[in-house]
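Here's the letter readout for the chains.
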Amino acid sequence: GENVEQHPSTLSVQEGDSAVIKCTYSDSASNYFPWYKQELGKGPQLIIDIRSNVGEKKDQRIAVTLNKTAKHFSLHITETQPEDSAVYFCAASTAHGNEKLTFGTGTRLTIIP
Amino acid sequence: ETGVTQSPTHLIKTRGQQVTLRCSSQSGHNTVSWYQQALGQGPQFIFQYYREEENGRGNFPPRFSGLQFPNYSSELNVNALELDDSALYLCASSSGGRSYNEQFFGPGTRLTVL
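Protein chains in written order, with this note's numbering: chain A, 216 to 328; chain B, 173 to 286.
Please keep in mind that the hints were generated in silico from the structure rather than gathered at the bench. The structure displayed is predicted, hence computed values, not measured ones. Any given hint might turn out to be false.
Stated by the list, open to error - Between beta-carbon pairs, the in silico distance windows are:
| no. | chain 1 | residue 1 | chain 2 | residue 2 | range |
| --- | --- | --- | --- | --- | --- |
| 1 | B | Asn243 | A | Gly216 | 44 to 52 Å |
| 2 | A | Gln275 | B | Pro234 | 39 to 47 Å |
| 3 | A | Pro223 | B | Arg235 | 34 to 42 Å |
Even glycine gets a Cβ: it sits at the ideal position worked out from N, Cα and C.
Excised from the complex, chain A in its bound form (with noise of 0.2 Å):
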């Protein structure tokens, strides 16, 4: 089945500073790549996301780059603010007929006033 590795566990900016996310996935079937944000106590939130026939997506400061030769994806976060400090995962999803994500582990983003 698919596995979905992120890096890193945990990631320190200063505000106003860049942040990236990278994750790799192994099933070169998956067309999917969302990204979620989940702050304490909530949900994960929908916050970009990517499919394999595009190379890259932004929207304002958050954006997607997708290669699907080295299978991996990264979220860009450009002019980190503190409501940016959360936990952030990555997944992955197949077109095997139904919408199983697999998750990343997970990256604490700490932005730094």
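Given the coordinates of chain A, work out where chain B should sit on it, guided by the hints.
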């Protein structure tokens, strides 16, 4: 548009007991997926229901079972609770039952097994 809701928020049970968790999907969504999130880990897929039928199952024993109702709300039942079942249980709703569809998560139910 109403988001995904789950009940109860917190639950404490003892080993061997049974528990039922509930989820109401987002308006317009016909698919509900359940995930287990242990402390410090990413969510793990339990199973998915699409139009009242199970549509895929993860690596969980049969004592984890579910239902989806005509209004697309769903229940997760766990029998013979074990200490390792302590986790945050999340449901996510989406439309279509196929890949590519965005999944929106509820706030979760925190289950503690003593």
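Outcome of the hint check:
no.: 1; hint: Asn243/B to Gly216/A: 44 to 52 Å; in the structure: 32 Å, violated
no.: 2; hint: Gln275/A to Pro234/B: 39 to 47 Å; in the structure: 45 Å, holds
no.: 3; hint: Pro223/A to Arg235/B: 34 to 42 Å; in the structure: 36 Å, holds
Taken one by one, the earlier hints fail for this structure only at number 1.
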